[in-house]
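Generate the whole structure from the sequences, applying the supplied hints.
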Amino acid sequence: MDKKSIRKRMAELRAQGVSKKEIFQELKGGAYSDGRLAYLLASKADIGLVRANKWKIRIMITVAVIQMMLAFLVGWQVGEPVSTGYALLGGLVASVIPALTAYGFINHNVAAYNLFIVVSLFQYWIQVRDVMQGYNAAWVGVAFATVMLTFVVYLRLRLFPEIRAIRPAKDASGQYAFA
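Residue numbers (our numbering): 214 to 392.
Hints may contain errors.
With beta-carbon atoms standing in for the labels, derived distance ranges [said to hold, decoys possible]: (1) 229 <-> 338: 43 to 49 Å; (2) 324 <-> 227: 17 to 23 Å; (3) 234 <-> 301: 46 to 52 Å; (4) 231 <-> 269: 25 to 31 Å; (5) 267 <-> 227: 16 to 22 Å; (6) 346 <-> 238: 52 to 58 Å; (7) 387 <-> 346: 42 to 48 Å.
The hints are simulated quantities; they were obtained by calculation from the structure and are not laboratory data. Virtual Cβ for every residue (Gly too), placed ideally from N, Cα, C.
Dropping the structure here:
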């Protein structure tokens, strides 16, 4: 089976309600390696989990859109002293990552959650450094970043229980584990 037909068959089986474990057993040994096939299966959020966490997902979409607007304004301010064209370019470039995360949250993509977590961790150490240097206002940023980072990790674990850090989970015997 080639990759296109594997993806098509995977979608058909998921629509029929077949478990991920059974889909994996049927499709392994094809064009995808076992690890890649397990990732493809594990990175698709179950519709029941999406419905159960609907309001949490909406919160994340809202946060990503707000971040996108703020990033656009910051990028605009950086480019504005040069010219309006640079201001527009700066705003668009700065808002790319928040726009991608918002799109990923809308489509229930595990990569968007991972991207949000990685970018938040990069920003987090800067805020902690500011707190350590004595900037009292940075405590607000650290508190907000801690709450958001914890919430996103919690939501990602709820929506994608078969994904651990960035790879599909394995059981004690080394086999891929599906919920």
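Does the hinted range 52 to 58 Å hold for residue 346 and residue 238 at CB?
Distance hint for residue 346, residue 238 holds at roughly 55 Å.
Can you tell me whether the CB distance of residue 387 to residue 346 sits inside 42 to 48 Å?
Holds: the Cβ-Cβ distance is about 47 Å, inside 42 to 48 Å.
17 to 23 Å as the expected CB spacing between residue 227 and residue 324, which holds or is violated
19 Å, holds
Is 16 to 22 Å a correct range for the gap between the Cβ atoms of residue 267 and residue 227?
19 Å, holds
Do the beta carbons of residue 234 and residue 301 sit within 46 to 52 Å of each other?
50 Å, holds
Is 43 to 49 Å a correct range for the gap between the Cβ atoms of residue 229 and residue 338?
This hint holds: roughly 46 Å between Cβ atoms.
Can you let me know if the beta-carbon spacing of residue 231 and residue 269 is within 25 to 31 Å?
27 Å, holds
The structure meets every hint from the earlier list without exception.
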